[in-house]
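Participant: Here is how the chains run, residue by residue.
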Amino acid sequence: MKLPDVDYIRPKTLKEALDLLSAHGDDAKLIAGGQSLMPMLAFRLLAPKILIDIGGLSELRGIEITDTGVRLGARTTWHDIERHPSLKTAHPLLAAAIAHVAHYQIRNRGTAGGSLAHCDPVAEFPTMVLTCEAEVVVAGQDGERVMIASDFVLGPMTTALPADEIITAIRFPVWPKARRWGFEEFARRRGDFAMAAAAIFYDLDGEQRAVDPHMGIIGDADGARRLTEVEDLLAGQRITRTLIAEARALAERSTTPSEDIHAPAPYRRALIGTMVERALAASAGINLATAAA
Amino acid sequence: MSRKIDISLTVNGRRHAHAADTRTTFADFLRDDLRLTGTHVGCEHGVCGACTVIVNGEAVRSCLMLAPQADGATVVTIEGLCEPDGELGPLQRAFRKHHALQCGFCTPGILTTAHALLTQEPDADEARIREVLSGNICRCTGYVTIIQAILEARESYRSKASAQS
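Top line first, the protein sequences correspond to chains A and B. Letter by letter, the first sequence follows residues 1 to 293 in my numbering. Letter by letter, the second sequence follows residues 1 to 165 in my numbering.
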């Protein structure tokens, strides 16, 4: 339906935006790409009195790849990420996950910072922030501070971002070239919200054993999370077909997806298991379609 | 409270200076204020793609944008896709030839999406075109003729791109 009655202002500087946020408190909502916020307004799930548009703050947009990792300005769009010439090599897992975010038109406006602040339980970006232990840079009246992912993402649609602060950047730790990874997602239609997804990465030691595995999943009832149960199973092990089968079974035992109009809980649980299995197989270069040798 | 904000923008090559209501989506602004009713409003929450317009070269959903956010923008709507002499453009001709529409409600959004895609990626293959069209819901055609039409129109975008390079 039409939007609720709302005022709008477009600050020219970060300082001005922060002053406006402080002045309006809970009556205000930041808008960047608006690709999650506008539907929330149209459904009347939110009715802020004023929208503060940070679309004019060009310093918040851009991708920097350095020796310490990948830094995404909060206003970086999905298309910025998709079109970046070297992000696919600098952080292949991030690039693979972002390829699943939304549809063409939405990818032109939707932003990384907006997705993280919105924190939809089945969105790819917050899952990547959690899985990769990214750092979230936020600005407030007292300057900038850095929050770690697990302190920032609190649950579905819930973050630790105070009402008077703004996400300015997200920093992903450096990605070693030889790192093994996999990302698998299932949605009924390309670009739709995921029904389930799994992300995995680890490094290999001299004996081809997985070191410090990180696994994140989408599809569990409480939103995106690290699957520490499976991480513990994989740590220090060679990723074989047998271990992948164990990981799949453990993933299914460790998750309690909820039932809704789209699918019953057992189906969703099996889907999470399948995504875990496929992501692990991809990370280890194992073709599940062929019989074990 | 909502209020009016003066904005100026270029739509289909024509400059407009207009007071935009702060609670109005860009889709409604185009239709109700500029009287450009070729842009259709379907779901009003960013799912159907009928309201797609091209803002600064990028296809966007105009229902997910506030009218004041279009201040300073260069915009192309379905009304801007014809040739300068008013004849149908290559995509429109191909859609007519292949019967790529039935009720026509989704067509403006599909044409603007395809125009933005082929302008940016004149070599887009069928898989890419299908992926991009996943953001536009058509309940009549089954998409087969839409894909045929876009693939045919791609040739004129390719020749235009190679003429420019």
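Rather than coming from a laboratory, the hints here were simulated on the basis of the structure. Hints are supplied without guarantee of correctness; some may be wrong.
[As the list claims (entries may be wrong)] Just the calculated beta-carbon pair ranges, DEER-fashion:
no., chain 1, residue 1, chain 2, residue 2, range
1, B, K97, A, Q237, 57 to 63 Å
2, A, S86, B, H99, 41 to 47 Å
3, B, P84, A, S258, 51 to 57 Å
4, A, A289, B, A127, 20 to 26 Å
5, B, T74, A, R83, 46 to 52 Å
6, A, R189, B, S8, 37 to 43 Å
Beta carbons are placed, not taken as given, at the ideal position from N, Cα and C, and that holds for glycine.
Participant: Does the structure break any of the earlier hints, and which numbers would those be?
Facilitator: 5
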